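Chemist: Going line by line, the protein sequences match chains A and B.
The letter at position 95 of the first sequence is residue 95 when you use this note's numbering, and the numbering goes up by one with no holes.
The letter at position 87 of the second sequence is residue 87 when you use this note's numbering, and the numbering goes up by one with no holes.
Treat the hints with care, as some may be off.
The calculated BS3-like cross-link candidates involving lysine-lysine, where the alpha carbons are at most 27 Å apart (straight line), are [claimed, not checked]:
(1) Lys-158/A - Lys-2/B
(2) Lys-2/B - Lys-175/A
(3) Lys-2/B - Lys-153/A
Partial selection, computed: residues in chain A whose CB lies under 8 Å from chain B [as the list claims (entries may be wrong)]:
(4) Val-4
(5) Val-11
(6) Thr-15
(7) Tyr-25
(8) Ser-33
(9) Val-35
(10) Leu-44
(11) Met-47
(12) Gly-48
(13) Ala-84
(14) Leu-90
(15) Gly-139
(16) Asp-140
(17) Lys-153
(18) Leu-159
(19) Met-161
No lab work stands behind these hints: they were computed from the structure.
All of these numbers come straight from a predicted model, not from anything done at the bench.
By construction, the Cβ of each residue, glycine as well, lies at the ideal position given by its N, Cα and C atoms.
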Amino acid sequence: MAPVAREQTWVEWMTAALDGDETAYRRLLTALSPVLRGNARRALSRMGASADDAEDIVQETLLAIHLHRHTWRRAEPVGPWVAAIARYKLVDVLRRRGRRAEIAIDDLADTLPDAADQEEEVGRRQAVGLVDALEGRQGDVVRAISLQGESIKETATKLGMSEGAVRVALHRGLKALAQLYRAGES
Amino acid sequence: MKTDDFIRALAADRTLGAEPGRGLVLAVAAGFAATAIMFMLVFGIRGDVAAALQTVWFPFKFVVMIALVAAAVHLAIVLARPGADPAAAARLLAVPAVLIGAAVVIELTSVPASGWRPLLVGNNATVCLIAIPLIAVVPLVAILVALRRAAPTAPVLAGSAAGLLAAALAATLYAAHCVDDSPLFVLTWYSLAIAVVVAAGALLGSRVLRW
């Protein structure tokens with residue numbers, strides 16, 4: 001899609017999303033994902049890091065976009081706003097990794113042979129582990145909706161909660177997940 | 001987890017934060033009101049206010065401070081959002097700067113050089129340096145809370161803008177208590193006091209405005 005047409009579609013979807021159109025919102029986030037993925041992969045390979053962890057960065061960025069979508073101004077282009085969030089999140093993630101790399105240098109003596117493998121292992125465990133680490137009802141609700149693809153209503157019936165309580169738990173769960181992302185790697 | 005699955009959870013969440021500009025304006029209003037009450041209890045308005053209002057430089061302090069408040073509010077609102085360019089907003093800070101600069105030039109050309117020192121030293125420079133940061137504490141906290149609910153992509157800069165705005169609000173109040181109206185005094189001591197709050201805002205911003 002041409003950049004102008006793409007931007008126009010994004011603005012339409014984002015506007016509809018803020019007005020409560022879930023389908024348009026899902027389309028927008030799905031369309032943003034490959035752009036964010038390419039962005040993250042390029043940044044990781046520039047640093048000489050493995051591109052395997054790009055998906056974590058994509059999801060953390062999507063989460064940041066979601067939790068801060070009220071800072072998008074209607075009729076303003078979506079692209080530069082998303083790019084600013086993506087850049088901010090990348091810097092954040094790379095800085096956290098920088099810190100981790102410093103710690104790893106101190107341990108080099110014994111762990112040198114499997115250092116790379118271990119690093120990758122840690123990354124993978126966290127990709128799965130972060131949503132697993134969400135405790136209680138918040139974790140149950142986020143997992144039911146994302147992994148099992150259940151609606152708010154189905155989740156409410158399954159967990160014996162009111163729909164309102166499910167909505168609150170979902171929002172709090174996503175906020176807690178953003179905290180886990182920020183705290184987990186530092 | 002697959003990203004497509006994760007997107008389902010995001011799309012199902014309808015909770016939406018408040019528009020950041022409105023949040024900031026509310027924080028400014030609430031922070032100013034709260035600190036104004038404390039200002040009246042601790043410092044109060046100077047006794048000769050009626051006579052002072054007849055002079056040029058006492059009302060002029062408010063012209064400069066209100067211009068600074070307006071420019072700082074605008075800058076903070078711009079910095080609250082990702083992707084906005086703060087350069088144009090930062091240039092508006094030139095308005096209060098030019099106002100006070102021009103006033104100093106006018107004052108110094110109308111007073112012989114031997115009279116400059118008392119203008120600079122004034123009556124209570126130390127009180128000014130302590131009072132403005134003190135009065136700025138409550139609005140600074142309110143503004144930082146509002147910025148935390150937005151998405152500043154330059155936390156240190158956003159924190160500095162929060163400090164500048166809080167200090168400008170505090171200086172507007174303190175100007176009503178302070179008996180030193182000389183533009184030279186205001187430029188020197190008010191600026192120094194404001195700089196202290198800006199530095200505190202930058203430091204706090206780097207810690208509390210990350211998301």
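Chemist: Which of the listed hints are broken here?
Modeler: 4, 5, 6, 9, 10, 11, 12, 14, 15, 16, 17, 18 and 19
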